[in-house]
Amino acid sequence: MQNLYKTRPLKMWQKAKELRLKFFKDIQTAKENGKTLVLVDSGSFIELPAGLEGHACLEGHPYGATVGMDLDFARECAEEVEARGYARDLCVYTRNFWGSMFRNRYYFGGEFPRPDFCIKRSLCDTESKWLQVCCEHFNMPSFYIDFPLYPDRRTGKEDIEYLATQMSDCIEWMEKITGQKYNDDKFIHAAHNEFRTTSLWAEICTLNKAIPAPLDQKTIYTLYFPTVVSRYEDDTVHFYEELLAEVKDRVSDHIAALATERCRLWDDGIPPWYFLKLYRYLERYGAVVLGSIYTYTLHGAWEDQPDDSWGRATTPEERGMPLKTRDDALRALALWYLEKPIYPGMCLPGPKSEQLLRIIREWRIDGMMMHMNRGCEGLSLGAMEQRLALLKAGVPVTVYEGNSADKREFDENQVLDRLDAFMESLGMKKLDS
Amino acid sequence: MLEKFQEISDNRHQYAQDWKARTGKKVFGYMCTYAPEELIYAAGVLPVRVLGSHEPQDVSERHIYAMYCPFCRDVLAQGLQGRYKYLDGMVMGHSCMHIKQAFDSWVTHVPIDYSYYMFIPQIVTHPKAKEYLTHEMTKFKENLEKGLGVKITAKALDNAIDVYNTNRRLLREIYELRKQDPPPVSGSECQDMVVAGQLMDKAEHNKMLAEALKEIKSRAPRKPGKRLMLIGGECDDTGVAEQVEKLGANIVADDLCAGSRYFWNEVVPEKDRLAAIAARYLDRPACPLKDVTSHRYRLDHILKMAQDFKVEGALLVMQKFCDPHEFDIPVISKFLKEHNIPSYFIELDVTFPEGPLRTRTEAFLEMLELETV
Ligand code: SF4
Ligand code: SF4
Chain A
0 MQNLYKTRPL KMWQKAKELR LKFFKDIQTA KENGKTLVLV DSGSFIELPA GLEGHACLEG
60 HPYGATVGMD LDFARECAEE VEARGYARDL CVYTRNFWGS MFRNRYYFGG EFPRPDFCIK
120 RSLCDTESKW LQVCCEHFNM PSFYIDFPLY PDRRTGKEDI EYLATQMSDC IEWMEKITGQ
180 KYNDDKFIHA AHNEFRTTSL WAEICTLNKA IPAPLDQKTI YTLYFPTVVS RYEDDTVHFY
240 EELLAEVKDR VSDHIAALAT ERCRLWDDGI PPWYFLKLYR YLERYGAVVL GSIYTYTLHG
300 AWEDQPDDSW GRATTPEERG MPLKTRDDAL RALALWYLEK PIYPGMCLPG PKSEQLLRII
360 REWRIDGMMM HMNRGCEGLS LGAMEQRLAL LKAGVPVTVY EGNSADKREF DENQVLDRLD
420 AFMESLGMKK LDS
Chain B
0 MLEKFQEISD NRHQYAQDWK ARTGKKVFGY MCTYAPEELI YAAGVLPVRV LGSHEPQDVS
60 ERHIYAMYCP FCRDVLAQGL QGRYKYLDGM VMGHSCMHIK QAFDSWVTHV PIDYSYYMFI
120 PQIVTHPKAK EYLTHEMTKF KENLEKGLGV KITAKALDNA IDVYNTNRRL LREIYELRKQ
180 DPPPVSGSEC QDMVVAGQLM DKAEHNKMLA EALKEIKSRA PRKPGKRLML IGGECDDTGV
240 AEQVEKLGAN IVADDLCAGS RYFWNEVVPE KDRLAAIAAR YLDRPACPLK DVTSHRYRLD
300 HILKMAQDFK VEGALLVMQK FCDPHEFDIP VISKFLKEHN IPSYFIELDV TFPEGPLRTR
360 TEAFLEMLEL ETV
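Respectively, the protein sequence lines represent chains A and B.
Numbering of the first sequence is given in numbering that gives the first Met the number 0, commencing with residue 0 and proceeding in unit increments.
Numbering of the second sequence is given in numbering that gives the first Met the number 0, commencing with residue 0 and proceeding in unit increments.
The following block holds chain A by itself, in its conformation from the complex (with noise of 0.2 angstroms):
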């Protein structure tokens, strides 16, 4: 192996999983810590508990990737929810949380925990049927955001207030049902911090334009995590100041993610979970994947930047919008959500293909590799057409088939040959060969 730059570890690699392992155990022993469990799905306003006296967040797509990477918890999940008479074809993560939910089987131990009460705004639409089923099982209160999702990115007036009025009765309603006074200062704390951490993220991943990159998809995942489960807290921020902080040093000193990188590939929807594997045999080739629309924009905010790059989103304090009172507070995150483009990159294909070719341009991409994954059907809308948008604009595209947490439809060797045909057709070749 010819290594090209420098590498070393990421420092804040321990605390990610520190953060990670928390978030799982602090589920678990919500009950015995006096906390109000919320059950949450992906696109969840989560910073709306946060004015409750102690709360934590119970959401779905990080427990169903979790069980996805123990074959066989993951099959007894699947197992059950068939026996139960639902079709194998539907999303894997919601099977995987059923499975344990029905079975009372929590994947880190003990019973599966069971919360106070759900807060439902589903990104996709399976994601509603999913968190109905649970609200059915646990027999819990539960309280509905509709979110305008389609067919544009919306920012009108009428759009923020649909959203920050049905938030304002979300909070009047879980006063109700707690018999809690909510506290409208740790909310508008727990807004500023959703503002910070989201922007910080994306700032993190421009960082990763770089060559050499600074990070890799697996890490990414790793890294990314917060994002999607604690965005609205302290130490949250905290970490993703000084990740920003290390991101930017790794940047200066030329410290590469990949210490072999000779191709840059990009990465479309969920990976298989029980084999992340693939990134490393890519290194093999000299390849580092920089990411995914999944990883960078979920919960990453993103604007143009004044040079036509694309870049972090200025928050709203920072665009001068007030912060005060509760009121302020609503209105500024319902039009931060508008603004996210996972929206746009999940339900809209022409935007996701113009998202898809900046990215490719900005972050210099060789080439992109698409999970066919049979197991959401929300990131795949559009997935085809991007597919074809690529090709058009001469970016070489790979494409295999599988399932981001069911084993039982992923063909590894059938997987790693087309892997192997696509680098060649970049003109990679293994460096240990």
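No lab work stands behind these hints, which were simulated from the structure alone.
We put the beta carbon where it would ideally sit given N, CA and C, even for glycine.
Heads up, some of the hints might be wrong.
If you only want the chain A side, here are some residues facing chain B, beta carbon under 7 angstroms, derived [said to hold, decoys possible]:
#  : residue
1  : Asp25
2  : Ala86
3  : Gln131
4  : Ile159
5  : Tyr161
6  : Ala258
7  : Cys262
8  : Pro348
9  : Ser352
10 : Glu353
11 : Met383
Pairs of lysine-lysine residues, derived as DSS-like cross-links and limited to a Cα-Cα distance of at most 25 angstroms, are as follows [said to hold, decoys possible]:
#  : chain 1 : residue 1 : chain 2 : residue 2
12 : B       : Lys129    : B       : Lys24
13 : A       : Lys156    : B       : Lys129
14 : B       : Lys3      : A       : Lys406
15 : B       : Lys245    : B       : Lys270
16 : B       : Lys319    : A       : Lys156
Fit chain B with the ligands to the given chain A structure using the hints.
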């Protein structure tokens, strides 16, 4: 008279093109029955639902993910194969991601002058949903006016509401007759009437329905048979009902997009016409993706129909990979069981294999017979 509905359905392109030639007006396609047809009609345009042709094809594979339902692939194939060249526009109201993909790919690859995608709240029972959907209707109306260079007047809206409500009322009158035992009209005939309505000028459809109503009323009843209900997705495949009825059953009720869900409720007039139309789409019998709260409104509709029409068994018909319905099927079948209504699940692809369908339905009917004994 009744065969005419099927004839129109079989010759849908001819009908639309003739209509265009004789009226000199435009024709829009729409996907999914959440598209507010009244607005399109009030703009002087004929809305026709774009459906599949139930033939194997390979043109949409490059555009739509393999795990999306065959219905949406079939629909897109119609556009890619140039069968809807006469359309002047394409509209969709959001229901599910699969059909949204068909719409997105259509407007990307099939040349079309006008297209509009409309957001329809998912939480249709939300207290703010009506106000927001009214706002969406206003935006759509303005967009239509701009795109077509017309003004949609209050009078035109009133007329559209009236024509559509008449249509719904007539279909309900015909459905009412199915409460008789045995019914004078078959399930496949009823489905033909609904599908034809989705493809026709409703004013013309109304005339045909009025005649059909007279004819059905004067007819002898069908042979007695088990009273079944069809429950499913966007299934427009009247072949299923036909096959099942050939085995001696009578389909007397349904919860289908090409059935009762399409016409069951009317626009209740109010001063703000767009608000009235919005309310109608929110209150209509829900598709699975508009039924996501813990109170499952869909079950209310199914049970009421099953009881009112004295249903003895239900066939749960679903497009393969139709996630929205896949989520609901186990719940519906458990619910029906709790109400002593046996049900049987049938999965459909673009085409359905008649042999296996017959064998399985026969087994179900035998089981129902035994239960009665
Ligand atoms: S289908 Fe995909 S995006 Fe939708 S809930 Fe499942 S994992 Fe999430
Ligand atoms: S509701 Fe089902 S059948 Fe209809 S388009 Fe969606 S996935 Fe297909």
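Hint numbers contradicted by this structure:
Hint check: 1, 4, 6, 7, 9, 10, 12, 14, 15 and 16 fail, others pass.
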